[in-house]
Every structure is written in structure tokens, then in C-alpha cells.
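Peer 1: In case you want the letters, here they are:
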Amino acid sequence: MSQYIVRRLLQAVPMLLILSMMFFFIIEKAPGGPMVALSRAKRIDPEVREAMRRQFGLDQPLPMRYVIWLFGNDWMTVDTDGDGLTDSYGTRKGILRGDFGYSIRTKKPVLVEIGDRLGNTIYLMTATLLVTGIVAIPIGILSAIRQYSAFDITATTLSFMGQAIPEFWLGLILILIFYATLENPFTGEPLFPPGGMHTIGEPFSIADRIHHLILPVTMGMVGWVAWYSRFLRSSMLEVINQDYIRTARAKGQNERIVLYRHALKNALIPLITMFALDFPYIFAGSLVVELIFSWPGMGRLYYSAATSRDFPVLLGILIIGAGIIIISNLLADIGYAFLDPRVRYD
Amino acid sequence: MTEITSLDSTQAAIESAAAYRPPESMTSLVWRRFRRHPGAIAGAIILSIIVISVILAPLSPYDPLKSDIKNRFQPPSIEHPMGTDGLGRDLLTRVLYGGRISIFVGLMVMAITLVIGIPIGSIAGFFGGWVDNILMRIIDAALSLPTLLVLILLSALLRESDLPFVENNNVMTIAFVIGILAWPTVARLVRAVFLVFREMEYVTASHALGASDFKIMTGDILPNGFGPIIVEATLEVGYAIMEESTLSFLGFGIMPPTPSWGNLLSNAQEHLSQYPWLAIFPGLMIFFTIISINYIGDGLRDALDPYKVISTLEE
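Note that the protein sequences, when read in sequence, are chains A and B.
First residue of the first sequence: 5, per the numbering used here; consecutive thereafter.
First residue of the second sequence: 1324, per the numbering used here; consecutive thereafter.
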């Protein structure tokens, strides 16, 4: 088992390297990359431009720039005044040592910018996933054990609808209904706030936090509830028709125990793999939620960085996002191997 | 006596010939199964209505681009069934023209994913070994990308480019960008088909008869995947429409003044409480289109499932 974990960890390293190269090349080589901004900037004297290129290290060949981006340049001398001669040691540490550079927009280190927002995104995502599980799992189980009942048919129809609703539009409609139309009957205020994490200027209170969470979480979860309840239904149906379930029933086992101890446990295992595969989409999906509900998270940071072409921030978020995704995939694989003894480790 | 028997047997032969039905063709079988899926039929009808009205968009008396400031923010009425927008343009007309763009992007993305995904999946599944290994690593890496974020990045990069074919983030660019991230799903599906069928005896026989690899791949193995590939391609259209509308909503997709279902919604949030129709109608169009496509995909999945087709034959 531990050997398996180590091997999977080692496999994740080249994957991250491939992804980081892809991102680096996209940004360096694509039309409209950072050089374009420099070369288009007003009228710059060609000599000055050459000097700037040297100062930014853009005169280096592409593989060298990638190495510098990865490992930094404080081990080599660089040309700080742009006169064509290297004079002092560089100051960049490289992303492997946590130096993602500086935001073009705010001049703050990228990592600081991300650090300010990461917690808020994780907070929103955790709440969304928790509620998704609480809603989707009972629906999936009930649909499976009462296959073709009125409940099952309703759940199926709703699930088709949930998967077809554009997430951003659902957010707009939620605001339209619960902020612009419905009122709190006691205070006359809108039923739910249209955005933000908490009421500004008020002391911290859990009720206020939850009040602000309900609409964003609803928006984020509908598609996933629709998808996971269907997935659990079919996974559960498959397990229920297995021989060992029939055996358990034949020996007179209590039906509840058959369903929840024998069937559900096994039906949940594929859900873990599915979840790992979906994680990138869940991660990216929080961008739309954050944007519509003015949630100060990574998604909104990414969006404003994209609008202002702040590439160091974009790249930092993508790399950290890819890292989170790969680690979550890894955890899912390990969890799967741990839960399902039929999986071989070789 | 003998005469009578022969007469009898002739009679029996005639009767059995009359009772004989020629085997039903695959197409009519699939159609018969598809018809039994009420959701799929409803989806097909709704989608046809949407597609036909989108094609007939130029019949509208209004211009999708010309503003008419006197009539701005008109609520839905007989003259303007979906109301008018902030520049006084008829929203229904814009929604229909937007549908042309959004549906076109959906079909283009489908074509791109098939053109890239089928060959790559076939090669990976057929040859196996290191070829498969490398291709699968690429597919895995592509599938672990947060798609929306990469789409935004690519779109932001291409917007500034000088390349002639991507100027102004036109429709083809957006289709290309979405397609380039969507093909791995198709490739993985095709590869799975190849893994199952390349070990079949008839394939070995084909090899033994001297058929070329290309002939075996395209003629012997790939046709087995038509069912799942058609289903996947159908669902891909809906997926692409969803991605395009999200991107355009965020301002990284189709750029105004060209209408698309996504960018019609991009200013809707600021006017949500005063002019809700601006938000409701374009979103409903996306919703109905995608749910129809998903139901059609579901119906096709049932209808094209070879095991179900066989059980229908035996009924």
C-alpha cells in the first residue's frame, strides 16, 4: 500500500511539470503574451527596448526562461541595468520556492494575493460540497430503492433540468427571486443579500454568515446534486442486483442493514472516483459563483486578472489550481484503493 | 395421396412465406426504440422548433443590431414578445440571431472534437504500448485542467493577437478554443472501444487475411463505436453551448455587438430588478436547448445500445 502511494506521488510530479510547461509556453509564446504589451507600449526607442528586454531577462532563450521561472535566478548573475553585461545576482526565487512574481495590477506578490483569497474559496466550496452531499445522497438512494416510483421519476426529471440550467443564469434568477422580489415579512428587507460574505460593518455572527451563504451555495450545488444523485442511483442499482445482496436478504438480514450497510457502502465507492474527476470543474465553477455573488475568492481574483491581463496572477492561480486538482486526484485514487480491496496496487 | 401431401407442403410453404417478415433495418429499429422515449421525442420537437426559428431569424421585422433609443427597455408586449434591451433593440430578434451563433459554435465544437478525438483515440487504443501511454498522459493532463479558467486565459491571450483568423475573438476562435479542450473525452471513449474490439477473433482474421492496419481500424473496429460516439457527439453540442454562453457571459466569448445567448445575459445583472425580462428569456433559450439535447442524447443512448436492439428483435 505505502509503495503504491509513493509511486502515485512520483507519477504526479511529471504531470505537474508537463502542466507547468504547458502554461508557461502558452503565456510566453501565444500571441498577446507579455512581450506584446512591451513591444506595443507607445513608442519606445529600439535601444531602450533592448535594454528593457535584457532587464526583464527576455533576451534569454525560452528553455532558460522556463528554468528561471521554475528555480529562480539568484544563483546566476543578471543584467540589472540593461547594458548587455551581467553585473549582479538575480533576486527571483522561482515558483518552486514560492516566488510567483508580482501582480502587474497591484504590485503585490502573487502568492500574497492568492493567499488573501484562497481561504474564502475553500470556505465556499466546502459549504457547497457538504450541502451537495447531504441533498444528493438521500435522493440517489431513494430513487434506486424505489426505482420507477413517482419519486424516482420526479427526481430524474429534476435532475435533467438541473444539468441543463446554465449556472450563471441560475444565479441571476436566484437573485431576481430572493433579493429583488421576495421580502422578509418582518423587516421588509430583501429575503437574502445579493452578494458578499457577510454584512459589512457588523460584528461576526454565524447567522449572518449562513444568510450570505445560502444563495451562492444553492447556485453552486444544483448542477452537482443533479449529477451525483443520478450517479449514485445507477451505482446503487448495480450493487442491489449483486449476488451478495441477494444472499444477505436470503439469510433473513434486516432490509435496512442490507441497504445501508451492504449496498450503500459499496455504491459510494465509485462516487469517490467520479468526484476526483469532477474536481477541476467544481474548482473552476466557483469562479462564476464568486463573480455573481461578489465573493472575494480566487475565482474573482482570476477574473479581474484576466480582464486586466495580469499574467503572473493568472499563471499562479492556474499552477496552484492544477496542484490542488492533482493532489485531490491522488487522494481519491488512494482512497479508492484503500476502500476497495479488489483494486490491485501494481 | 402423394399429390395431396405435396399440395399441403406447398400450402405450408406459401403460408410461412406470407408470415415471413424481412429483417428490420438497423435504422428503423433504432427509430422505433427512440420513439418510445417520451423525453427524447419531446426534446427532438422542441429542438426542431428552436432550430427552425433560429434559421428563420431574418424574417423578423426588426434589425438585431440597429438601436432605437425611443423604445429602450420596453417590457414584453405584442410588438416585442420578449421586450427590448437598453438600446431599444427587439430582444426576440436578438435571441434568434444569438441562437444562430450559439448553435453554430456547438456544432463546430462537436466537429472539432470528433476530428481530433477519433484519430487520437483510435491510434492509442489500436497500437497500445508506449504510443498509448504517451497519448493517455496527455489526455489525463488535459482532463485535469480547470476548463473554464483555461478557456478564459486562452481567450484573453487571443483577443490581443494579430493573427488574421482570430481577430476580434470571432465565432471560429471561440469554437476552436472550446474544441481544443473538449476532444479528450471523445478520444478516451474511442480508445475504450478499440481496447474491447481489437482482441476479437474477426479482427485477428482480418489481420490474417492481410488487411492493412488502417483498413482494420476504420472498417472493422471503429463502426462498433458509432453508437457511443453519436451519443457523445450529441451531448458535446449541449456542453459546448453551455461553455460558450458562460464564456460570453463573462465577456471572454463572443463579443458584442454580435449577439450570442451568453453575451445577451452579460449586462442583465445590473438591470435585474427593473428589467428582469432581459435576464429571463435568453437564459430560458439556453435551458430549453440544452435540456432537449440531453434528452435526445439519452434517447439515442437507449436506442443505439446493441443489447437493447437485440432484445427488441427477439420481442
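There may be inaccurate statements among the hints.
[Claimed, not checked] To give a feel for the contact side, a few chain B residues facing chain A, derived at Cβ under 7 Å:
{"no.": "1", "residue": "F1499"}
{"no.": "2", "residue": "I1503"}
{"no.": "3", "residue": "S1589"}
{"no.": "4", "residue": "N1590"}
{"no.": "5", "residue": "I1613"}
{"no.": "6", "residue": "N1617"}
[Stated by the list, open to error] Rough simulated footprint, nothing fancy, chain A against chain B, three-plus residues with beta-carbon under 8 Å:
{"no.": "7", "segment": "1439-1447"}
{"no.": "8", "segment": "1529-1541"}
{"no.": "9", "segment": "1564-1575"}
[What the hints assert, rightly or not] Estimated spans, in silico, between C-beta atoms of each pair:
{"no.": "10", "chain 1": "A", "residue 1": "G205", "chain 2": "B", "residue 2": "N1456", "range": "53 to 59 Å"}
{"no.": "11", "chain 1": "B", "residue 1": "S1348", "chain 2": "A", "residue 2": "A184", "range": "52 to 58 Å"}
{"no.": "12", "chain 1": "A", "residue 1": "F342", "chain 2": "B", "residue 2": "M1459", "range": "22 to 28 Å"}
{"no.": "13", "chain 1": "B", "residue 1": "S1383", "chain 2": "A", "residue 2": "R213", "range": "47 to 53 Å"}
Keep in mind that the hints were calculated from the coordinates and are not lab data.
Ideal placement from N, C-alpha and C gives every residue a C-beta, glycine not left out.
Peer 1: Does the structure break any of the earlier hints, and which numbers would those be?
Peer 2: 1, 2, 3, 4, 7 and 8
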